[in-house]
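Asks: Given the coordinates of chain E, work out where chain P should sit on it, guided by the hints.
Chains as they are written, first to last, in my numbering: chain E, 267 to 380; chain P, 682 to 795.
These are calculated hints, taken from the structure and not from any lab test.
Where a beta carbon is used, it is the ideal one built from N, C-alpha and C, also for glycine.
Among the hints, erroneous ones may be present.
Stated by the list, open to error - Simulated crosslink set (SDA-like; lysine to any residue; CA at most 25 Å straight-line):
(1) K367/E <-> E753/P
(2) K324/E <-> V285/E
(3) K367/E <-> R791/P
Stated by the list, open to error - Simulated restraints, written as ranges between beta carbons of each label pair:
(4) A267/E <-> E760/P: 27 to 33 Å
(5) R690/P <-> Q377/E: 24 to 30 Å
(6) T694/P <-> L380/E: 37 to 43 Å
As the list claims (entries may be wrong) - Heads up, incomplete: computed chain E residues facing chain P, CB under 7 Å, no partners named:
(7) F356
(8) K367
(9) L368
(10) G371
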Amino acid sequence: AQSVTQLGSHVSVSEGALVLLRCNYSSSVPPYLFWYVQYPNQGLQLLLKYTSAATLVKGINGFEAEFKKSETSFHLTKPSAHMSDAAEYFCAVTLTGTASKLTFGTGTRLQVTL
Amino acid sequence: DAGITQSPRHKVTETGTPVTLRCHQTENHRYMYWYRQDPGHGLRLIHYSYGVKDTDKGEVSDGYSVSRSKTEDFLLTLESATSSQTSVYFCAISDKTGRFYEQYFGPGTRLTVT
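Excised from the complex, chain P in its bound form:
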């Protein structure tokens, strides 16, 4: 298994509170991603990073921010959590293997906003 850990694995928080999820990798991969998984939607990209301090938005970035100060860590922050952000969050990493990039996924964080 690719060396990807996510913390916390489960979190319950109240509406309006800030929340930070952490993704840590030991593979020294250049690219890191945050997805959310919701029934009927599959996985949707929130933000991704293509290097330290280099990030970009995905298709569902509203209400989320990210930071990457070290190659191994990618943080996802919900500045003021809302019930619509209740979801399972997955981190993924990738690097170029031959001609393409293969993504490896972490175990996920289940977030409940009450």
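Next up, chain E with everything else stripped away, as it sits in the complex:
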């Protein structure tokens, strides 16, 4: 079985500061990992995905994440936060080759202050 843990349900950063949202996974086989973003009253939008091709993955809106097998982590970063980044972010995992059962973390709400 697979699972993800997101550390910190709320993260607050100043505009222009580094964004770091943490995600650790547990999986008995090589996983596929995803970060989704949810803006208020909207559905989820895929930010980026790890599919074993490259460990550093670049996504939309300047976000990137690095897959570290030794640390079982897939943390999301952005060098400089913008007010428009305020949203909830979800890490998710699925097993290689399966078409179902994305397992989500509990989410991290990012607040960006002036």
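Replies: Chain P alone, transformed into the frame defined by chain E:
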């Protein structure tokens, strides 16, 4: 945006009444999913479908049933709604792109059971 619509978008119903939520896609994707989103839990899979008339349970399927008679429609039914089923419900679709399946989400249905 992936062609996914959900109806209704908002619904208030009374305990004990049946409720059906509809997900409609125009992408001809094989797989469809129903999730519920609750604070502190992220998104949890209720049921999913891997083809017309082919469905399976997710991790929180008790009290829910689904049907898929056409590729484009996936219905979620609460036979007798309870207050614990107050939630935001998301539909998702996916199909194989290369070696993996990427899920696209609908806008959600906010259900309140009084």
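Asks: For every hint, state whether the structure bears it out.
Replies: Cross-check of the supplied hints:
For a cut-off of 25 Å, the pair hint linking K367/E to E753/P stands: about 20 Å separates their Cα positions. In summary, the hint linking K324/E to V285/E is supported, as the alpha carbons are separated by about 14 Å, within the 25 Å threshold. Our distance criterion of 25 Å between C-alpha atoms is met by K367/E and R791/P, whose separation comes to about 22 Å. Separated by about 28 Å at the C-beta atoms, A267/E and E760/P satisfy the suggested range of 27 to 33 Å.
With their beta carbons about 26 Å apart, R690/P and Q377/E fall inside the hinted range of 24 to 30 Å. Between T694/P and L380/E the C-beta distance comes to about 42 Å, which sits within the given range of 37 to 43 Å. Because the closest C-beta pair between F356/E and chain P is about 6 Å apart, less than 7 Å, the hint holds. Interface restraint check for K367/E: the shortest CB-CB distance to chain P comes to about 6 Å, inside 7 Å, so the restraint holds.
Nearest Cβ of chain P to the Cβ of L368/E: about 6 Å, under the 7 Å cut. The hint holds. Nearest Cβ of chain P to the Cβ of G371/E: about 6 Å, under the 7 Å cut. The hint holds.
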